[in-house]
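Q: The listed protein sequences correspond, in order, to chains A and B. Quick note: the first sequence uses my numbering, first residue 1, plus one each step. Quick note: the second sequence uses my numbering, first residue 1, plus one each step.
Treat the hints loosely; a few may be bogus.
Calculated Cβ distances over 12 Å to all of chain B for the following chain A residues [to be verified]:
hint, residue
1, K32
2, E69
3, I107
4, S122
5, E182
Derived SDA-like pairs: lysine to any residue, alpha-carbon spacing no greater than 20 Å straight-line [said to hold, decoys possible]:
hint, chain 1, residue 1, chain 2, residue 2
6, B, K152, A, V63
7, A, K125, A, T14
8, A, K125, B, M117
9, A, K181, B, L142
10, B, K152, A, V68
11, A, K152, B, V63
12, A, K125, B, A135
13, A, K48, B, R128
14, B, K125, A, E118
15, A, K119, B, K125
16, A, K66, B, K181
17, A, K32, A, D45
18, B, K181, A, I146
19, A, K119, B, K119
20, A, K181, B, I146
21, A, K152, B, K152
22, B, K125, B, T13
23, A, K181, A, E69
24, B, K152, A, D64
25, A, K152, B, I146
26, B, K66, A, E151
27, A, K66, B, N148
28, A, K37, A, R167
29, A, K152, B, L142
30, A, K152, B, K66
31, A, K125, B, K37
32, B, K181, B, T145
33, A, K66, B, M113
34, B, K152, A, I146
35, B, K66, A, T14
36, B, K37, B, T13
To be clear, the hints were calculated from the coordinates, so they are not data collected in a lab. Ideal Cβ positions, reconstructed from N, Cα and C, are used throughout, including at glycine.
Listed below, chain by chain, are the residues.
Protein chains: 2
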Amino acid sequence: MHDTLLAYINQHTTSPLTREEEALIIATFHPKKLRKKQYFLQEGDVCKYVGFIVKGAMRQYSVDDKGVEHMVQLYIENWWVSDRESAVMLTPSRYYIDAWEDTELLIATVADMMDLMEKISSFGKMTRLMDNRNAIASQRRLNSTISNTAEKRYEEFTDNHPQFIQRFPQHLIASFLGITKETLSRIRKQAMK
Amino acid sequence: MHDTLLAYINQHTTSPLTREEEALIIATFHPKKLRKKQYFLQEGDVCKYVGFIVKGAMRQYSVDDKGVEHMVQLYIENWWVSDRESAVMLTPSRYYIDAWEDTELLIATVADMMDLMEKISSFGKMTRLMDNRNAIASQRRLNSTISNTAEKRYEEFTDNHPQFIQRFPQHLIASFLGITKETLSRIRKQAMK
DNA sequence: AAAAAGCGTTGACAAATATCAACGCTTTTT
DNA sequence: AAAAAGCGTTGATATTTGTCAACGCTTTTT
Numbered sequence: 001m002h003d004t005l006l007a008y009i010n011q012h013t014t015s016p017l018t019r020e021e022e023a024l025i026i027a028t029f030h031p032k033k034l035r036k037k038q039y040f041l042q043e044g045d046v047c048k049y050v051g052f053i054v055k056g057a058m059r060q061y062s063v064d065d066k067g068v069e070h071m072v073q074l075y076i077e078n079w080w081v082s083d084r085e086s087a088v089m090l091t092p093s094r095y096y097i098d099a100w101e102d103t104e105l106l107i108a109t110v111a112d113m114m115d116l117m118e119k120i121s122s123f124g125k126m127t128r129l130m131d132n133r134n135a136i137a138s139q140r141r142l143n144s145t146i147s148n149t150a151e152k153r154y155e156e157f158t159d160n161h162p163q164f165i166q167r168f169p170q171h172l173i174a175s176f177l178g179i180t181k182e183t184l185s186r187i188r189k190q191a192m193k
Numbered sequence: 001m002h003d004t005l006l007a008y009i010n011q012h013t014t015s016p017l018t019r020e021e022e023a024l025i026i027a028t029f030h031p032k033k034l035r036k037k038q039y040f041l042q043e044g045d046v047c048k049y050v051g052f053i054v055k056g057a058m059r060q061y062s063v064d065d066k067g068v069e070h071m072v073q074l075y076i077e078n079w080w081v082s083d084r085e086s087a088v089m090l091t092p093s094r095y096y097i098d099a100w101e102d103t104e105l106l107i108a109t110v111a112d113m114m115d116l117m118e119k120i121s122s123f124g125k126m127t128r129l130m131d132n133r134n135a136i137a138s139q140r141r142l143n144s145t146i147s148n149t150a151e152k153r154y155e156e157f158t159d160n161h162p163q164f165i166q167r168f169p170q171h172l173i174a175s176f177l178g179i180t181k182e183t184l185s186r187i188r189k190q191a192m193k
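Please work from the sequences and hints to get the whole structure.
A: Printed below as a string of structure tokens:
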């Protein structure tokens with residue numbers, strides 16, 4: 001179970017983990033299973049955990065005053081999941097995070113995670129790499145939403161995240177793109193020709 | 001000139017900088033003046049510098065195939081400016097960054113900046129804090145763009161960035177929000193009633 | 001001092017997208 | 001086996017936002 005995580009960390013750093021470091025990581029991350037639809041985090045709660053997805057698919061979304069869900073993020077295997085805003089600021093979250101499929105996670109508390117970053121230099125490097133990727137992805141997505149039409153955004157999405165198309169239904173992807181499921185349906189119909 | 005930067009760093013960390021650390025920072029950051037409209041970075045160039053704005057205002061934007069500019073970010077005093085994607089990945093930038101007002105910067109190369117993060121723990125802490133804030137702000141902005149109407153987004157913007165309203169003309173703010181200047185003009189007209 | 005450029009506004013109209021309701025199909029629950 | 005829920009699609013229509021052109025005002029450039 002932890003092998004996936006250790007391999008992931010080694011893949012994303014230059015110097016491999018020592019035995020001791022591996023042991024520390026294994027001791028810190030606990031397996032957790034979530035059934036489909038089960039919450040990892042609910043709006044109003046403070047996010048205390050960070051999860052690494054070993055198997056499954058999850059989503060993060062806000063719910064507006066009309067009860068409509070807006071997908072802020074989608075997650076699959078080898079993604080880190082948590083609400084950074086809540087975890088860092090220790091404030092109640094604006095978001096829900098739940099399992100879209102039955103999911104296997106490795107979770108650690110935010111505090112333990114920070115500990116690891118200090119104690120294990122590879123781990124710190126890896127998280128900085130993830131931070132960078134995350135920042136870059138956010139920037140691109142933002143740029144795309146303010147610059148492009150829905151059609152172009154969907155096109156970019158399928159290019160950048162072909163895996164997601166397989167795993168999530170269209171109405172979630174529409175929400176992720178900031179459009180309705182009907183509009184996405186029509187865009188796809190157009191594109192087929 | 002460097003005082004502003006040193007004060008800023010001390011404000012954002014717990015343990016104050018030592019004399020030696022201050023000296024190292026001063027030696028690393030070079031003053032740079034940009035006249036209004038002068039580029040800090042152009043599309044296609046690799047971003048080699050990180051800047052700290054001591055005085056002035058800047059903007060980062062992409063230009064689409066029709067020649068329309070889309071404001072990805074606006075910057076004023078005490079903001080860090082750079083294209084992270086280009087700087088980290090060493091790839092040609094998708095963006096332009098230029099001075100909106102005559103601006104005074106303190107700049108360092110990306111490599112020197114990384115050096116400082118390692119050598120000065122307060123500096124590393126400060127950058128991690130900035131990374132966190134940045135990630136949180138991006139998340140919020142993304143959530144706002146996919147969830148809200150233009151009107152609501154403008155409202156949130158004025159709440160979150162009242163300073164920007166004073167410094168940037170409406171058409172830049174409209175672009176930042178992903179709408180046209182005409183639409184923003186009409187939204188404001190409505191809101192006045 | 002004159003000319004040009006930048007800015008915000010308005011009107012008329014077009015295009016993009018949302019809303020609402022309904023339907024058929026599949027999967028899940030009972 | 002039946003009922004319910006989930007999903008994608010379509011049509012009709014409403015709403016939001018964009019486009020284009022014009023105008024007055026201010027600031028900058030010549």
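Q: Next, verify each hint and record whether it holds.
A: Tested hints:
Non-interface call for K32/A relative to chain B: holds, since the shortest CB-CB distance, roughly 23 Å, exceeds 12 Å. Consistency note on E69/A: stated as away from chain B, yet its beta-carbon is not over 12 Å from all of that chain's, at 9 Å minimum. For I107/A, the condition that its CB be more than 12 Å from all CB atoms of chain B holds, with the nearest at approximately 20 Å. Against the 12 Å criterion, S122/A stays outside the reach of chain B, whose nearest CB is about 15 Å from its own CB.
Consistency note on E182/A: stated as away from chain B, and its beta-carbon is indeed over 12 Å from all of that chain's, at 16 Å minimum. Only pairs whose Cα atoms come within 20 Å are accepted, and K152/B paired with V63/A is accepted, the gap being roughly 15 Å. Between K125/A and T14/A the CA atoms are separated by roughly 9 Å; this keeps the pair inside 20 Å, and the hint holds. Between the alpha carbons of K125/A and M117/B the distance comes to roughly 12 Å, so the proposed pair stays at or under 20 Å and holds.
In summary, the hint linking K181/A to L142/B is supported, as the alpha carbons are separated by about 19 Å, within the 20 Å threshold. For a cut-off of 20 Å, the pair hint linking K152/B to V68/A stands: about 16 Å separates their Cα positions. The hinted pair formed by K152/A and V63/B meets the criterion: a straight-line CA distance of about 15 Å does not exceed 20 Å. Between K125/A and A135/B the CA atoms are separated by roughly 17 Å; this keeps the pair inside 20 Å, and the hint holds.
Between K48/A and R128/B the alpha-carbon distance is near 19 Å, which keeps this suggested pair within the 20 Å criterion. The straight-line distance between the Cα atoms of K125/B and E118/A is roughly 11 Å, inside the 20 Å bound, and the hint therefore holds. For a cut-off of 20 Å, the pair hint linking K119/A to K125/B stands: about 15 Å separates their Cα positions. Taken as a hint, the K66/A and K181/B pair is broken in the structure, with Cα atoms around 28 Å apart against an allowance of 20 Å.
Taking the CA atoms of K32/A and D45/A, the gap is about 19 Å. The hint holds against a cut of 20 Å. Simply put, K181/B and I146/A have alpha-carbon atoms about 13 Å apart, close enough for the 20 Å limit, and the pair holds. Annotation: proposed proximity of K119/A to K119/B holds, straight-line Cα distance about 17 Å (limit 20 Å). Distance check on the hinted pair: K181/A and I146/B sit about 13 Å apart at the alpha-carbon level, within 20 Å; holds.
In summary, the hint linking K152/A to K152/B is not supported, as the alpha carbons are separated by about 24 Å, beyond the 20 Å threshold. Pair hint K125/B plus T13/B holds up; C-alpha atoms about 7 Å apart against a cutoff of 20 Å. Between the alpha carbons of K181/A and E69/A the distance comes to roughly 12 Å, so the proposed pair stays at or under 20 Å and holds. With a C-alpha separation of about 12 Å, the suggested pair K152/B and D64/A falls inside the 20 Å cut-off, and the hint holds.
Restraint check for K152/A and I146/B: the C-alpha separation of about 15 Å stays at or below 20 Å, so the hint holds. Of the pairs offered as hints, the one joining K66/B and E151/A holds, with about 17 Å between alpha carbons and a cut-off of 20 Å not exceeded. Between the alpha carbons of K66/A and N148/B the distance comes to roughly 11 Å, so the proposed pair stays at or under 20 Å and holds. Between K37/A and R167/A, the direct Cα distance comes to roughly 15 Å. Compliance with the 20 Å bound is thereby established for this hinted pair.
For the given pair, K152/A sits about 17 Å from L142/B by alpha-carbon distance, which is consistent with the 20 Å threshold. Between the alpha carbons of K152/A and K66/B the distance comes to roughly 14 Å, so the proposed pair stays at or under 20 Å and holds. Under the criterion of a C-alpha separation no larger than 20 Å, the hint pairing K125/A with K37/B is inconsistent with the structure, at around 37 Å. For the suggested pair K181/B and T145/B, the alpha carbons sit about 17 Å apart, so the restraint of at most 20 Å is met.
For the hint pairing K66/A with M113/B, the CA-to-CA distance comes to about 46 Å; that exceeds 20 Å, so the pair is violated. Simply put, K152/B and I146/A have alpha-carbon atoms about 15 Å apart, close enough for the 20 Å limit, and the pair holds. At roughly 43 Å between alpha-carbon atoms, K66/B and T14/A are farther apart than 20 Å, so this suggested pair is violated. Between the alpha carbons of K37/B and T13/B the distance comes to roughly 34 Å, so the proposed pair goes past 20 Å and is violated.
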